[in-house]
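There are 2 protein chains.
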Amino acid sequence: MAVKAQVLYDFSAEPGNNELTVKEGETVTITNQSIGGGWIEAQNSRGEVGLVPEDYIEHDLTLSIHLLQTRLDSPLSLSLSLSPYLMRHFSSSFVPHIFSFHLFQASNGNDPWSVWNADPSGGTNNNWASNPEGTQTGKSAADPWGSISQGHPQAYQGPGAEDDEWDDEWDDMKSTGGYAESESGESGAMQRGGAHASSMKISLNKFPGFSKSGPELYLLCKQLPKGKEKLPIYLGEVGPVWSYPESQLDCVVADPKKGSKMYGLKSYIEYQITPNTTNRPVNHRYKHFDWLYERLLDKFGSAIPIPSLPDKQVTGRFEEEFIKMRMERLQGWMTRMCRHPVVSGSEVFQIFLTYKDEKDWKTGKRKAEKDETVGVMIFSTIEPEAPDLDPVEVEQKCEQFSKFTKAMDDGVKEILTVGQEHWKRCTGPLPKEYQRIGKAFQNLSSVFTSSGYQGESTLTDAMTAAGKTYEEIAQMVAEQPKKDLHFLMETNNEYKGLLGCFPDTIGVHKAAIDKVKEADKLVATSKITPQDKGTMAKRVSTMSYTLQAEMNHFHSNRIYDYNRVMQLYLEEQVKFYETVSSTSIFLLTLHSFPSL
Amino acid sequence: MAVKAQVLYDFSAEPGNNELTVKEGETVTITNQSIGGGWIEAQNSRGEVGLVPEDYIEHDLTLSIHLLQTRLDSPLSLSLSLSPYLMRHFSSSFVPHIFSFHLFQASNGNDPWSVWNADPSGGTNNNWASNPEGTQTGKSAADPWGSISQGHPQAYQGPGAEDDEWDDEWDDMKSTGGYAESESGESGAMQRGGAHASSMKISLNKFPGFSKSGPELYLLCKQLPKGKEKLPIYLGEVGPVWSYPESQLDCVVADPKKGSKMYGLKSYIEYQITPNTTNRPVNHRYKHFDWLYERLLDKFGSAIPIPSLPDKQVTGRFEEEFIKMRMERLQGWMTRMCRHPVVSGSEVFQIFLTYKDEKDWKTGKRKAEKDETVGVMIFSTIEPEAPDLDPVEVEQKCEQFSKFTKAMDDGVKEILTVGQEHWKRCTGPLPKEYQRIGKAFQNLSSVFTSSGYQGESTLTDAMTAAGKTYEEIAQMVAEQPKKDLHFLMETNNEYKGLLGCFPDTIGVHKAAIDKVKEADKLVATSKITPQDKGTMAKRVSTMSYTLQAEMNHFHSNRIYDYNRVMQLYLEEQVKFYETVSSTSIFLLTLHSFPSL
Chain R
1 MAVKAQVLYD FSAEPGNNEL TVKEGETVTI TNQSIGGGWI EAQNSRGEVG
51 LVPEDYIEHD LTLSIHLLQT RLDSPLSLSL SLSPYLMRHF SSSFVPHIFS
101 FHLFQASNGN DPWSVWNADP SGGTNNNWAS NPEGTQTGKS AADPWGSISQ
151 GHPQAYQGPG AEDDEWDDEW DDMKSTGGYA ESESGESGAM QRGGAHASSM
201 KISLNKFPGF SKSGPELYLL CKQLPKGKEK LPIYLGEVGP VWSYPESQLD
251 CVVADPKKGS KMYGLKSYIE YQITPNTTNR PVNHRYKHFD WLYERLLDKF
301 GSAIPIPSLP DKQVTGRFEE EFIKMRMERL QGWMTRMCRH PVVSGSEVFQ
351 IFLTYKDEKD WKTGKRKAEK DETVGVMIFS TIEPEAPDLD PVEVEQKCEQ
401 FSKFTKAMDD GVKEILTVGQ EHWKRCTGPL PKEYQRIGKA FQNLSSVFTS
451 SGYQGESTLT DAMTAAGKTY EEIAQMVAEQ PKKDLHFLME TNNEYKGLLG
501 CFPDTIGVHK AAIDKVKEAD KLVATSKITP QDKGTMAKRV STMSYTLQAE
551 MNHFHSNRIY DYNRVMQLYL EEQVKFYETV SSTSIFLLTL HSFPSL
Chain C
1 MAVKAQVLYD FSAEPGNNEL TVKEGETVTI TNQSIGGGWI EAQNSRGEVG
51 LVPEDYIEHD LTLSIHLLQT RLDSPLSLSL SLSPYLMRHF SSSFVPHIFS
101 FHLFQASNGN DPWSVWNADP SGGTNNNWAS NPEGTQTGKS AADPWGSISQ
151 GHPQAYQGPG AEDDEWDDEW DDMKSTGGYA ESESGESGAM QRGGAHASSM
201 KISLNKFPGF SKSGPELYLL CKQLPKGKEK LPIYLGEVGP VWSYPESQLD
251 CVVADPKKGS KMYGLKSYIE YQITPNTTNR PVNHRYKHFD WLYERLLDKF
301 GSAIPIPSLP DKQVTGRFEE EFIKMRMERL QGWMTRMCRH PVVSGSEVFQ
351 IFLTYKDEKD WKTGKRKAEK DETVGVMIFS TIEPEAPDLD PVEVEQKCEQ
401 FSKFTKAMDD GVKEILTVGQ EHWKRCTGPL PKEYQRIGKA FQNLSSVFTS
451 SGYQGESTLT DAMTAAGKTY EEIAQMVAEQ PKKDLHFLME TNNEYKGLLG
501 CFPDTIGVHK AAIDKVKEAD KLVATSKITP QDKGTMAKRV STMSYTLQAE
551 MNHFHSNRIY DYNRVMQLYL EEQVKFYETV SSTSIFLLTL HSFPSL
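So the protein lines, in turn, are chains R and C.
According to UniProt numbering, the residues represented by the first sequence are 1 to 596, in order.
According to UniProt numbering, the residues represented by the second sequence are 1 to 596, in order.
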């Protein structure tokens with residue numbers, strides 16, 4: 001059967017990968033849906049056949065969405081961007097009364113913040129957050145910050161695709177060079193792998209979350225499941241805080257080793273992860289990290305921003321550089337996860353770090369995949385040891401966090417943009433210029449030497465030394481960014497990714513607040529009982545404590561991280577200038593010019 | 001009478017000056033020849049009328065040249081570039097047997113070195129200096145180094161034009177901005193005023209030198225005039241040297257004052273020049289400096305490179321900046337002239353520096369203008385206290401100097417090119433980037449301040465301070481070139497100008513050597529007597545001593561100047577890096593980040 005489908009986003013084929021370049025709006029014929037690994041085979045109107053990421057194609061989505069839309073009948077209109085987390089967690093069994101989906105009409109906007117900037121009152125001005133730039137920009141939704149959109153999306157790997165070696169990360173390895181300008185050139189932001197670029201993964205065609213819930217599932221659930229999991233929240237000095245373990249979990253990602261399968265036809269890289277608790281290393285491939293990410297997103301994404309893994313296509317001109325960079329970023333991701341008291345304490349995270357053998361790992365995986373306390377139901381495990389909050393206060397807090405994370409996202413992006421430009425200048429034109437100055441001094445010096453005039457060797461020696469010093473300075477300038485700017489960029493890049501998750505997390509929160517605001521109306525129309533209304537208010541208070549605990553966790557980490565990276569950056573800058581000045585002093589002392 | 005004339009070089013009109021843009025090869029009609037000040041009024045084929053520099057128009061030249069050519073009948077062909085010095089000093093009364101003029105056919109080449117790279121043997125390879133790039137490039141001859149050709153030529157002001165106020169330097173003032181790229185963009189060299197760009201002035205239409213002589217006039221002169229002037233050359237440690245005065249003449253150019261004439265309609269700037277000998281200031285306008293330059297060129301140009309005055313169109317966005325820059329360069333020019341034992345001891349130079357009153361000055365001027373010991377006859381005043389040199393040695397020395405000055409010219413131009421680029425980067429994109437980094441830090445800091453999270457003021461204070469530091473660094477970076485690169489550029493610019501005079505000076509020398517080489521042939525054809533031949537050899541030896549003394553003077557000055565400027569440059573660079581590093585240290589100390 002030839003299925004026609006529309007292309008949702010531009011996709012540029014990578015040469016030699018049997019891929020097909022497609023344009024947004026183009027109609028293609030699906031020629032093979034069972035490729036796996038997040039890819040399908042398609043044919044364009046010119047008869048060319050190749051692989052396209054499933055996510056970029058409308059075909060299997062249209063059905064679900066259209067089915068969904070027929071069941072939606074609400075005067076309230078919430079303009080939703082393609083927020084993958086929300087997509088997953090809106091239950092199709094629980095009818096989302098209050099949402100109408102404009103997914104493929106107006107809302108392929110690229111601003112994740114539009115989720116909670118939308119107008120909940122059906123047309124009147126909302127007083128929560130203004131979005132003067134408009135929520136729909138018509139840009140590809142693949143890039144939540146509108147800056148990076150050329151790379152592959154990370155094809156979602158469901159449990160069934162686990163043993164499919166098609167997308168082996170080793171084969172996927174692509175080099176894109178330093179902090180080079182984004183190919184899209186849209187905002188000059190970086191393309192260091194989409195890791196931190198897209199907030200959470202897009203996997204529209206899988207919608208695992210649709211079997212679970214929107215916030216209503218939790219808010220209106222008659223009987224909350226009574227599991228073993230308990231996530232207490234305390235009132236600390238700074239407000240609501242998670243319960244932090246006495247000693248912080250940490251792990252070291254190291255020792256990448258090349259392995260192979262299928263008689264050497266398929267190769268991959270295995271990393272060794274050693275937690276400080278057991279001090280016993282476990283091995284994982286990139287795809288296992290990806291599996292972990294999916295589980296954490298499913299389970300905690302409603303309450304905790306789970307940053308994306310570093311992209312498959314990390315930077316690096318050479319194999320070693322590529323592996324080193326990926327490892328560095330996997331380390332960064334694991335460190336962040338370890339630091340989070342809820343994530344690090346979860347069963348799925350623990351099994352990942354401490355499985356004893358293959359069987360243990362398989363059992364753990366199966367158990368994690370069957371976990372039902374996912375999506376908004378995570379809130380059912382949260383137990384704030386504090387009095388219920390007034391809904392007005394809940395709303396105020398939410399608004400505050402929304403404003404802050406949006407503002408910080410802007411600030412971080414500004415640093416990334418200017419940092420990228422600085423990186424380019426410091427590794428390109430600037431050292432080249434110092435080199436040329438150095439050469440020019442040396443050339444003039446050797447002309448002087450040829451004069452035949454006696455007694456100028458002191459001058460020519462000094463000039464040659466000055467020339468060499470400038471060549472040294474050139475090298476120092478070119479190498480400096482790796483010593484300081486790199487870390488500033490990595491940290492901000494990580495925060496860009498983290499901040500990209502907040503729209504989803506805060507979105508769930510805001511949808512719940514909206515629901516509570518509607519409560520009176522729902523009671524009046526007998527859709528819920530007055531008792532339900534009370535339950536909702538209590539539960540939205542729990543959600544607020546969760547958000548506050550999470551924000552406080554974010555703030556304390558942010559202060560730690562920025563404190564560390566700013567200190568490192570400035571110290572290295574000072575060292576640099578000191579070294580340059582002492583290099584020249586060295587020169588002046590050693591090859592002192594003839595005194596005047 | 002409507003005189004038609006051909007345009008020799010491209011000329012771009014400056015807006016608002018009633019000038020007319022003309023192209024090389026274009027025919028124009030001369031509408032007014034009595035404009036004065038080196039300008040004529042012309043009308044192009046489109047009927048547009050405007051002023052064009054006389055030098056750019058062929059009209060009154062063609063006559064003289066054609067007259068000249070009818071008298072020339074020699075098999076020897078020396079390809080001459082438009083060397084103004086040589087042009088002036090070929091006597092039309094003494095028939096220049098060995099030269100045929102290709103002035104307006106092939107030789108409007110822009111390479112001043114072509115003067116002595118030409119083929120003296122009438123077609124066979126010359127073994128003196130090779131000129132692989134070819135001597136005729138078809139570029140405008142206005143720029144001897146092929147780099148600067150857009151500015152006005154400095155119209156020659158003969159004695160008769162002295163009181164013409166038309167070209168008042170104040171009216172002529174034009175601003176062209178820092179070390180901006182040359183408009184012509186030909187070689188990326190600088191257009192800081194053509195001062196050092198064109199070697200010696202082009203004033204084809206005046207040919208005062210035609211009343212004087214080529215090297216033959218001196219070589220074959222039956223009876224050398226016996227004047228009071230004596231210029232001894234001694235054998236010093238480094239070889240032949242000028243006689244240096246016990247105390248070196250110096251002067252200070254300062255205190256520029258605006259004066260006016262014609263009831264304020266014409267204004268000008270008068271500079272105060274104070275020599276260290278009298279300590280009594282004299283006043284001079286730019287045009288007086290120009291008069292002095294012309295006299296020195298006439299008198300010493302065969303033996304001593306006389307660098308051009310700073311161009312009328314020096315740099316400067318504002319009046320003060322313009323005046324300051326011109327003064328600085330006039331000071332540089334005067335210092336160089338003072339340092340030269342022959343120039344500084346000359347009567348014309350002394351009268352310029354020490355005239356007592358207007359009458360004294362007028363008398364001195366008249367006397368200087370009547371001086372007959374000009375052109376190659378200056379060699380008649382030179383008395384080397386050393387045995388005559390073998391012609392082979394003379395030739396070797398000449399070749400050595402020619403090679404050296406050409407090589408140094410290349411080296412200097414390289415520094416100027418890279419220096420100009422560095423100047424642009426340091427005053428443009430680089431500080432802008434530091435500023436943006438500073439702003440980005442401060443912006444993020446103020447976002448952090450808005451978090452509402454307690455206890456982050458230490459971080460935000462430190463981040464704000466870091467941001468401000470980067471703004472300070474931006475300013476330091478932008479201001480640094482004025483403190484160091486400026487002087488490196490000025491010195492090299494001055495040397496570029498000086499080196500541009502050598503082709504003429506060495507050209508005279510080489511023509512003389514050629515003449516001596518021909519001596520046997522001339523004796524054989526009875527054009528000269530064997531005794532004449534002996535005289536020629538002796539006199540060319542004197543010329544060689546002169547050139548050697550001049551080269552030794554050049555070398556010693558060069559070593560002094562480069563030693564000084566390189567020290568200054570490096571010291572300032574070190575200071576800069578020290579200041580930047582201590583600025584950051586200051587920051588770290590004062591607003592120390594919270595310890596980790």
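Please keep in mind that the hints were generated in silico from the structure rather than gathered at the bench.
A hint or two may mislead.
As the list claims (entries may be wrong) - Partial list, derived from the structure: chain R residues whose beta carbon lies under 8 Å from chain C:
{"#": "1", "residue": "425"}
{"#": "2", "residue": "436"}
{"#": "3", "residue": "570"}
{"#": "4", "residue": "577"}
Each residue gets a CB set at the ideal place from its N, CA and C atoms; glycine is no exception.
Results for each hint:
At its closest, the beta carbon of residue 425 of chain R sits 6 Å from a beta carbon of chain C; the interface hint therefore holds under the 8 Å criterion. The closest approach between the C-beta of residue 436 of chain R and any C-beta of chain C is roughly 4 Å, which is under the 8 Å cut-off, so the hint is satisfied. The closest approach between the C-beta of residue 570 of chain R and any C-beta of chain C is roughly 6 Å, which is under the 8 Å cut-off, so the hint is satisfied. At a threshold of 8 Å, the smallest CB-CB gap from residue 577 of chain R to chain C is about 3 Å, leaving the interface hint in force.
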